[in-house]
Every structure is written in structure tokens, then in C-alpha cells.
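S.K.: Residues per chain, in single letters:
Protein chains: 2
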Amino acid sequence: MDNRENKTSIRELGKYGLIDRITVNARPANSSTKSSIGDDSAVIDPGNSLTLVTTDLMLEGIHFNLIYTPLKHLGYKAVIRGISDIYAMNGTPAQILISLGISSRFTVEMVDELYEGIYLACEKYGVDLAGGDTTSSLTGLTIGITAVGSVEKPYLVKRSGAKPNDLICVTGDFGASFMGLQLLERERKLFEKEKVTQPDLSGFEYLVGCQLKPEFPSDTLKELLEAGILPTSMIDVTEGLASDLLQICKSSNTGSRIYYSRIPVDYETSKLAEEFNIDPITPALNGGEDYELLFTIPLNDAQKAEQLKNVKIIGHITEEGSGSYIIGDDGSEVAISAQGWEQKNQ
Amino acid sequence: MDNRENKTSIRELGKYGLIDRITVNARPANSSTKSSIGDDSAVIDPGNSLTLVTTDLMLEGIHFNLIYTPLKHLGYKAVIRGISDIYAMNGTPAQILISLGISSRFTVEMVDELYEGIYLACEKYGVDLAGGDTTSSLTGLTIGITAVGSVEKPYLVKRSGAKPNDLICVTGDFGASFMGLQLLERERKLFEKEKVTQPDLSGFEYLVGCQLKPEFPSDTLKELLEAGILPTSMIDVTEGLASDLLQICKSSNTGSRIYYSRIPVDYETSKLAEEFNIDPITPALNGGEDYELLFTIPLNDAQKAEQLKNVKIIGHITEEGSGSYIIGDDGSEVAISAQGWEQKNQ
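Protein chains in written order, with numbering that gives the first Met the number 0: chain X, 0 to 345; chain Z, 0 to 345.
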């Protein structure tokens, strides 16, 4: 995984040496960041806003495989994973805290790479690295991500506000990250079996990018604000479009109908799905890690929403008890179901 | 570790079933908790206060051994670990978010036990469980803890405010948790080697309690406030008295002198240290996990501080560049050093 020559062991640097090294370039950009690394807690001045806090874990072997995941990309993705939950409340992320559990096979240079990606994402999304924890681990890499943000009270959007007849909207497209993962896994197995050293990812660069270094459509939130659209409910699509739509419906006590033909799927996703002999709707509905927004808007806002480049209306909310169905081109209805524990966490 | 008969597998319940089960009894007690579990982020209204956020990881095999750690105690300790960083800023903890990575050997009932302890500590310290994440893990149990609290601006106490001639104060006593761990480890080894089934912990119940189910001296912060004492700097002692004192000195650009004879050590700690043939000052200085407060106060507040039952003055802050030393009864000076990475994370 890494050439150990000329590398520095973490033991050599020590815990506090490592923290100093990681944080030497930390420069808070947000006025709400009153104190960052180097104390017991991050100190945040939220002014008159609500404070949003969210936490996630990324575990080696569950959420990432270092065989094909560059550490810099992983750091970038960890930040996206954290801030996507803040955006999903219609908030603005401002701080992130990263906790690392690192086993002895990691060198200081590897931690540097990880933080390069963390800082890059922080810069791109205007977030300050404001704290964390570093500890050794017995096996593998553990990343704990805490994101903090703010939202003014009237603009807070929860999962629970969807009403019957509201339109269901999404950003971007779905299934790309999942298909990117399938491709990387296929190439890894080829490598292990036949010692093919160079993975063949050509033609599927978008899918691999979605899996390894996702971006979040934060601009769409600004565009919605400018268009005068306040979503009635919102969630970030990380578990899968189906599962996350069901979360909205559960929290809002509603049903839903979405249209097969309206679910955005990229050309590369369709093409690779064909190679794998699966219907592209399966990764689109159940793949997860899309880092897109799923939200509902009042019917009256339909025209305004249709003007927005990155937004697509895929269905509508229905009464409580009416279930959630995907409607085929022939009018057939198939119940939407979330995936179980085992499948989800492959 | 656990009898699997009549136990429920987590797969059976599913991720969201597990979250529902964990959170069914969550009842926010703090007015700042505007929305807790069941959305993308916790929503917190800090009013006019500063928001404090801190994050920690607890990894199986590094921070705890389930052979002798009841899951309920572990949950309790996880909360203490989180909120102690909020108290260390002179803040009041109000919310906690818990992320779990759970391997397939854990049953739903085991997760229930863990949360029993989490809720118990939340109730005792007035904290709301406000969110988290649940995921599978390949090996062992991973606990990510994010604690949120608040403090009014004038009362914020950082690590960096200590001035020469300030007095160094501590709460409670030191080394007990570490010696408790040594005892538990000794009994575990006896069990593994000689199949002694019943560990002998008699006479050392305080030490075992400090290790397995620590409490935090939050009342002392109230007493300091009532006495009109605002510490100039503060830290929670989790890494070890020596290491945490050096953190204060580093942040404040000072040196320090503490007195061997003034460092509070419990009778049980001394007694067990004798059995292990070590000077009790070693666990007291370097043991860690004490969950006590270390803080500095202006010289003028000495008399007021001496009135407080749980507070002891152990030394004073000195000029930058004067180093940090522990002074023996005979006047000898020994430099205080922090432990390295490897020793710390046994």
C-alpha cells in the first residue's frame, strides 16, 4: 500500500506532534469559529442562528477500501459526508471536527495525505477544521466526522414537513457512485486473481469520481433561496434514493409516488449497468452514497423549480397510508422498499 | 461474553429498527434541544451563548476490553468522556451524539445495555441524546462521541490563560482509574492462565469504579462560580496529570512547579501500587482517565479556593522557559514529561 522507506512512524512524532503537524495550516475562515484546535472543545459563536451538529463514522473495510482509495480522496469524502447532513437541513456548514483511529501500519506521511484532502474540501466548501481527536487503533483506519453549521430559524428544513401533493425533487443523478464502486471492486478482483496491474476504468471516469471524490450540490441550495423556494422537507441521499425517500415519508407521515422514467441516471451508469446485466434503476434507487439532495416543494413552486438547471421533479407526495410506489412507463406500480442492514453495509 | 440464545440479531431488526429502538425513550430535557434524533442533524438553539463542540473516539481493544467492561458501564463512560471536554471549557453540556460501529457478534440486547448506560449518564448530567449514526463494523465496537454545550462569553475558560504566579488546582485524586485497570488486567490474565473464574477485586472497589464507571466533578464548577472564582485556564485530566499540565503550560506559554506531597492519591491507589511495587506518583502523574479538573486561579483567590471541599492547590505557574518540575519533600526537582504515543494507548 505504501513504500515505508523514508517514511515517519507516528510513534516517532508522538500524538501531540502529529496534531501539531496536522493543524499547522489551519486558518479559520468563518467568523463563527472563535477557537479551533488546541483546546478541549471547539468554540463557536452562532450569533442569532440555530446550531446544527451531525456525526458520522467511516470504517475501513466497511466504508472504504484503501486498495483503490487514495487517502487524499478519502479525506475529501469524509468532509463531504459530514457537511452533507448540514446542507440537508438547509444549513451552512462552518466547522468540522475529525477524530482518527490509526493503526501502526499508517505513517505520518499517510496522515498528511488524508489531511490534504480534508483541507482541500474544507477550502472548497468554506469550512474550518475546528478540532478532533487522534488515537491508535488495533486494526485499520477509523474516521469520526462531526460537522457543525448554522441556519436562521425560518429557513430550517426538516425531514418531517412534506405534505400531500408536494412535488418530490432531486439534484444530479443517481447510482453513479455505486456503479463506480462495482467497477473498482471488479478491477480489484481481477488484480488479485490475475495480477492485472493496471485497472481499466476508461470510459467510466465520472462513476469512479463520484465514488472516490464526491461533491455536494451546495449551489442548488443558494439557487432555491434566490428563486424564493423553501423546501417543505429535505434529506441528503446517502443511503439510497429509495431508503431516503422512505425516511421523508416516515417523518412526514405521508406516502409517495415517483416515476421510473423521471429518475435521473447518467449515461455511464446505464452503460456499466448493462455490462453487469442489471437494470440501472437498481443502483439508482438503492446504491447510496449519491451525495445529492432529495426535497419536496409546494405544487405552486413547480414552474420556478423547473427553471433550475440541477433540479428535477420526479414525483409527488401522497396521503398517509397510501404507501410509496414507483410508477413504470406502462402505469405499473412497484412498492419502494429500503434495503436491510446487511446489504446496506457492504 | 454473552449467551446468544433468545437474543435478537441486529440484522433482524435492521438499521432503522435499531435506531427506533434506541431512541424510543429519548426525551429532550434542555430547552436548547430543538430537534433531536430522526433528522440529518441535531438542531440546537444556543440563545446568546457560545456553542462548544467536542468529539472523541473509543475503540475496542484500545480504550476498553469487553471481557471485564459491562456494556452499561461503557455507555456511561462514553458520555462522561464526551461531556468532560465541555466542562473543561467551563461550559455546560446539553447534547450528546453517539455514533456506533457494531460487528455481527453484537446483539440488539447488547446495544440496549450500552444505551442504558448512555441514558443513565445523560439523565444524571442533564444531557440530551440528540443524534448519531449506526453502522456495521468488521471487527469490534467503535464508539464516536460528540458532545455539545454552551457557555456565556465572559465565563469561557481556555487552556491558554494561565499566568505566572497563578495557583495550580485539581479536583479529586489521581491514579485510581489507572490502578483499577491494572487490577482488572491482572485478574483477566489469571483467568486466562489458571481459569480462576472469580476475579478478586475486594478492597479495591473504588479503583474499579473509577475505571469502569467514572463520574465528573461538575459540582465543583458550580462551587467555583458561587465562590466568585473564574479559573484563568482549565483542562480535564484524561491523558494524565503530567501530560495535561504540560498542555496548559504549552498553550499559556508558561512553566510550572507542583509539589509531590500535595498530589492527591487515594488510599486504595497507594495500597495497590505497593502490591505492584510502583511509586503511586507514577499512576497519579501518568495514568490518565482520571476525569478530574486541572485549573489555574489568580493568587488572590487562594483563600476562597481552600474553602472548597473537592479542590486542592498543588503548585503554581512560573515564567515561560522555566520548565515544568515536580518538587520532592527534600526540595529535589524532577522534570515533568508527557508519555509518548505507544505508552499512552495501551
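Keep in mind the hints are simulated off the structure, nothing from the lab. It is possible that part of the hints are untrue.
Copies of the same chain are indistinguishable here, so a pair counts whether it falls within one copy or spans any two.
Keeping only pairs whose Cα atoms sit at most 27 angstroms apart, straight-line, the calculated DSS-like set for lysine-lysine is [stated by the list, open to error]:
id: 1; residue 1: 6; residue 2: 33
id: 2; residue 1: 71; residue 2: 162
id: 3; residue 1: 249; residue 2: 212
id: 4; residue 1: 192; residue 2: 249
id: 5; residue 1: 152; residue 2: 33
id: 6; residue 1: 212; residue 2: 308
id: 7; residue 1: 33; residue 2: 249
id: 8; residue 1: 162; residue 2: 33
id: 9; residue 1: 270; residue 2: 33
id: 10; residue 1: 308; residue 2: 33
id: 11; residue 1: 6; residue 2: 270
id: 12; residue 1: 270; residue 2: 249
id: 13; residue 1: 311; residue 2: 162
id: 14; residue 1: 71; residue 2: 249
id: 15; residue 1: 270; residue 2: 188
id: 16; residue 1: 123; residue 2: 162
id: 17; residue 1: 270; residue 2: 123
All figures in this text were calculated on a predicted structure; none of them were measured in a lab.
S.K.: Compare the structure with each hint and give your call.
M.R.: Status of each hint after checking the structure:
1. Neither within a single protomer nor between protomers do residue 6 and residue 33 lie at most 27 angstroms apart by alpha-carbon distance, with minima of 35 angstroms and 48 angstroms respectively.
2. Taking identical chains as interchangeable, the C-alpha atoms of residue 71 and residue 162 are never at most 27 angstroms apart, the minima being 41 angstroms within one chain and 41 angstroms between chains.
3. Taking identical chains as interchangeable, the C-alpha atoms of residue 249 and residue 212 are never at most 27 angstroms apart, the minima being 31 angstroms within one chain and 37 angstroms between chains.
4. When the C-alpha separation of residue 192 and residue 249 is checked against a cutoff of 27 angstroms, the pair qualifies neither within a copy, at 45 angstroms, nor between copies, at 53 angstroms.
5. Taking the closest pair of Cα atoms, residue 152 and residue 33 come within 27 angstroms of each other both inside a single copy (22 angstroms) and across two copies (11 angstroms).
6. For a Cα distance limit of 27 angstroms, the shortest separation of residue 212 from residue 308 inside one copy, 22 angstroms, qualifies, whereas the shortest one across copies, 55 angstroms, does not.
7. For a Cα distance limit of 27 angstroms, the shortest separation of residue 33 from residue 249 across copies, 19 angstroms, qualifies, whereas the shortest one inside one copy, 38 angstroms, does not.
8. Proximity of residue 162 to residue 33 under the C-alpha cut-off of 27 angstroms is restricted to the inter-copy arrangement: shortest distance 21 angstroms between copies versus 39 angstroms within a copy.
9. Neither within a single protomer nor between protomers do residue 270 and residue 33 lie at most 27 angstroms apart by alpha-carbon distance, with minima of 49 angstroms and 45 angstroms respectively.
10. In this homomeric assembly, residue 308 and residue 33 never come within 27 angstroms of each other (Cα to Cα): the closest approach is 37 angstroms inside a single copy and 34 angstroms across copies.
11. Within a single copy, residue 6 and residue 270 get their C-alpha atoms no closer than 42 angstroms, and across copies no closer than 44 angstroms, so neither meets the 27 angstroms cut-off.
12. For a Cα distance limit of 27 angstroms, the shortest separation of residue 270 from residue 249 qualifies neither inside one copy, at 34 angstroms, nor across copies, at 58 angstroms.
13. Within a single copy, residue 311 and residue 162 get their C-alpha atoms as close as 18 angstroms, which meets the 27 angstroms cut-off; across copies the closest is 60 angstroms, which misses it.
14. In this assembly of identical chains, residue 71 and residue 249 lie within 27 angstroms of each other by CA distance neither inside one copy nor across copies; the values are 37 angstroms within and 31 angstroms between.
15. Taking the closest pair of Cα atoms, residue 270 and residue 188 come within 27 angstroms of each other only inside a single copy of the chain (20 angstroms); across copies the shortest separation is 58 angstroms, beyond that limit.
16. Within a single copy, residue 123 and residue 162 get their C-alpha atoms no closer than 35 angstroms, and across copies no closer than 39 angstroms, so neither meets the 27 angstroms cut-off.
17. In the homo-oligomer, the alpha carbons of residue 270 and residue 123 never lie at most 27 angstroms apart, since the shortest distance is 31 angstroms inside one protomer and 57 angstroms across protomers.
When held up to the earlier numbered hints, the structure conflicts with 1, 2, 3, 4, 9, 10, 11, 12, 14, 16, 17 and fits the remainder.
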